[in-house]
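K.L.:
Residues per chain, in single letters:
Number of protein chains: 2
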Amino acid sequence: MLSLTSVLIAVVCVLIVWIFKNEDRSVERRKGEARAGSQARPWVDEDLKDSTDLQQVEEDADEWQESEESVEHILFSHTRYPEEEMVTRSQEFYELLNKRRSVRFISNEQVPMEVIENVVKTAGTAPSGAHTEPWTFVVVKDPDMKHKIREIIEEEERINYLKRMGQRWVTDLKKIRTNWIKEYLDTAPVLILIFKQVHGFTANGKRKVHYYNEISVSIACGILLAALQNAGLVTVTTTPLNCGPRLRVLLSRPTNEKLLLLLPVGYPSKEATVPDFRRKPLDQVMVTV
Amino acid sequence: MLSLTSVLIAVVCVLIVWIFKNEDRSVERRKGEARAGSQARPWVDEDLKDSTDLQQVEEDADEWQESEESVEHILFSHTRYPEEEMVTRSQEFYELLNKRRSVRFISNEQVPMEVIENVVKTAGTAPSGAHTEPWTFVVVKDPDMKHKIREIIEEEERINYLKRMGQRWVTDLKKIRTNWIKEYLDTAPVLILIFKQVHGFTANGKRKVHYYNEISVSIACGILLAALQNAGLVTVTTTPLNCGPRLRVLLSRPTNEKLLLLLPVGYPSKEATVPDFRRKPLDQVMVTV
Chain A
1 MLSLTSVLIA
11 VVCVLIVWIF
21 KNEDRSVERR
31 KGEARAGSQA
41 RPWVDEDLKD
51 STDLQQVEED
61 ADEWQESEES
71 VEHILFSHTR
81 YPEEEMVTRS
91 QEFYELLNKR
101 RSVRFISNEQ
111 VPMEVIENVV
121 KTAGTAPSGA
131 HTEPWTFVVV
141 KDPDMKHKIR
151 EIIEEEERIN
161 YLKRMGQRWV
171 TDLKKIRTNW
181 IKEYLDTAPV
191 LILIFKQVHG
201 FTANGKRKVH
211 YYNEISVSIA
221 CGILLAALQN
231 AGLVTVTTTP
241 LNCGPRLRVL
251 LSRPTNEKLL
261 LLLPVGYPSK
271 EATVPDFRRK
281 PLDQVMVTV
Chain B
1 MLSLTSVLIA
11 VVCVLIVWIF
21 KNEDRSVERR
31 KGEARAGSQA
41 RPWVDEDLKD
51 STDLQQVEED
61 ADEWQESEES
71 VEHILFSHTR
81 YPEEEMVTRS
91 QEFYELLNKR
101 RSVRFISNEQ
111 VPMEVIENVV
121 KTAGTAPSGA
131 HTEPWTFVVV
141 KDPDMKHKIR
151 EIIEEEERIN
161 YLKRMGQRWV
171 TDLKKIRTNW
181 IKEYLDTAPV
191 LILIFKQVHG
201 FTANGKRKVH
211 YYNEISVSIA
221 CGILLAALQN
231 AGLVTVTTTP
241 LNCGPRLRVL
251 LSRPTNEKLL
261 LLLPVGYPSK
271 EATVPDFRRK
281 PLDQVMVTV
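Read top to bottom, the protein sequences are chains A and B. Position one of the first sequence corresponds to residue 1 (our numbering), numbered consecutively onward. Position one of the second sequence corresponds to residue 1 (our numbering), numbered consecutively onward.
Wrong hints could be hidden among the right ones.
One copy or two, it doesn't matter: identical chains are merged, so the pair holds either way.
As the list claims (entries may be wrong) - Dumping the calculated DSS-like pairs for lysine-lysine here, alpha-carbon to alpha-carbon at most 30 Å:
1) Lys99 - Lys270
2) Lys163 - Lys148
3) Lys206 - Lys280
4) Lys206 - Lys148
5) Lys163 - Lys99
6) Lys99 - Lys206
7) Lys163 - Lys270
8) Lys280 - Lys141
9) Lys270 - Lys208
10) Lys206 - Lys141
11) Lys163 - Lys280
12) Lys99 - Lys208
13) Lys280 - Lys208
14) Lys148 - Lys208
15) Lys206 - Lys270
No lab work stands behind these hints, which were simulated from the structure alone.
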């Protein structure tokens, strides 16, 4: 009888600790998803699931390899330039791209849609893990839709500034010229929202992992920026924090697509200014071995 | 006396469960870092710490914003082309980049270093979170160093293929033409290893977070690929799995730098082939709203 009591107490204690520690762990798990601000914002949670599951990549992928099974191989056709021309071409391309700046003041003048189509086609020539081409470029021209996008982004940005940034940011706020007002979201004739497809689907509807989808889509965006600059259009590279899921729903994109970047595209407004930055010189960027 | 025994037993049980659950949790933590293969490979662990701490970004960053504090703003100077020229330029740039293919057969012919410098300079014009320019381009020409890189990559690739890939991959192996032999690492006259700087340092030596460093460096790589194609050079975009830390040590790069991509660069060899892939048509890539 007495030893039974001991056993009973022991079992109860074990259960209590077990439950407590499990609770503890699920709190830890939730911590990553926690946000300042007390309102329920169900779309926020999704943001943190955006990145490719590294563990999955570890297990399944070997390299950035196009899936070459059962695909015929053909002779590669190459355009080769004389050496001097290579030097000239590379120098001129550098000079062209070196003029690119992030421009936050965009005029409301319309841009030719054929150019937008060409720059998106150009972005789509990027390499991708296992040739998955895991990108969707949503080109928004409709003024109402642009304004809805602006409202979502400004609302989240305002929360970012006021609640999430902490004391350091609040005191630094005066020093920062930009704030949560994003006029270019209304004025730019075109917004390009770039979504990464974190997974695709096999023929029988199962999930197909898109290896390195974020790197692939970012590379495509690099090519997109080069194409915009080449065409004489300006943009600013933005990553609207916490807005991805709401914008995804607004634009009726499927759940396997996550917002990576938003580029407002157009001509610069007449009085557009940029910070007087310098770029690092080559010897701070390149190491030769 | 008897109740003392009960209490004692209870306390012991509580301790045992506590220890057990803690152990359990640390195992869970370690799971992410686990690798197949029994040899100790201390450098492997580091790979998983490569990505930016999302939580940190959440807390500290507001957007992809250049730090504009105390930097003068100047008028932006813009080159504008007539509309027809914009269409032509964007069309021609698309046609140029659409010829780009990932080429795994690279001749050992030397390339002009001035061109390599220009393409790296061009990559360095990419935008980056808070204008941190968090990239290092390591250009390897030295044949011995190239061979050491090849040895590391082939060793890891071989382990990837044989041990990590699981049964599915082993059975699929026959279908895949490429394997863990990477001849281009010896033959290509230049290897460009692109490192992302996951953090920098403030004036007083403290860590300075590099927001969105992976996206920034990937965008720079997109521009690099465009610049290589423009110059008439070929490459293949590779992400050597698990090799980052060993290659970092080999190339004497600091611990805040993590390997993102490796690009072997040169001219295609005479019999270079590529898989006969098609790219998605525009209507599968672009959505207009």
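K.L.:
All hints, please: hold or fail.
P.N.:
Taking the hints in turn, this is what the structure says about them:
no. : hint            : result
1   : Lys99 - Lys270  : within (17 Å within a copy, 37 Å between copies)
2   : Lys163 - Lys148 : within (22 Å within a copy, 50 Å between copies)
3   : Lys206 - Lys280 : between (46 Å within a copy, 21 Å between copies)
4   : Lys206 - Lys148 : neither (34 Å within a copy, 41 Å between copies)
5   : Lys163 - Lys99  : neither (36 Å within a copy, 48 Å between copies)
6   : Lys99 - Lys206  : neither (45 Å within a copy, 33 Å between copies)
7   : Lys163 - Lys270 : neither (34 Å within a copy, 60 Å between copies)
8   : Lys280 - Lys141 : between (36 Å within a copy, 23 Å between copies)
9   : Lys270 - Lys208 : neither (47 Å within a copy, 36 Å between copies)
10  : Lys206 - Lys141 : neither (34 Å within a copy, 44 Å between copies)
11  : Lys163 - Lys280 : neither (34 Å within a copy, 42 Å between copies)
12  : Lys99 - Lys208  : between (40 Å within a copy, 28 Å between copies)
13  : Lys280 - Lys208 : between (40 Å within a copy, 17 Å between copies)
14  : Lys148 - Lys208 : neither (32 Å within a copy, 35 Å between copies)
15  : Lys206 - Lys270 : neither (51 Å within a copy, 41 Å between copies)
Checked against the numbered hints above, the structure violates hints 4, 5, 6, 7, 9, 10, 11, 14 and 15; every other hint is satisfied.
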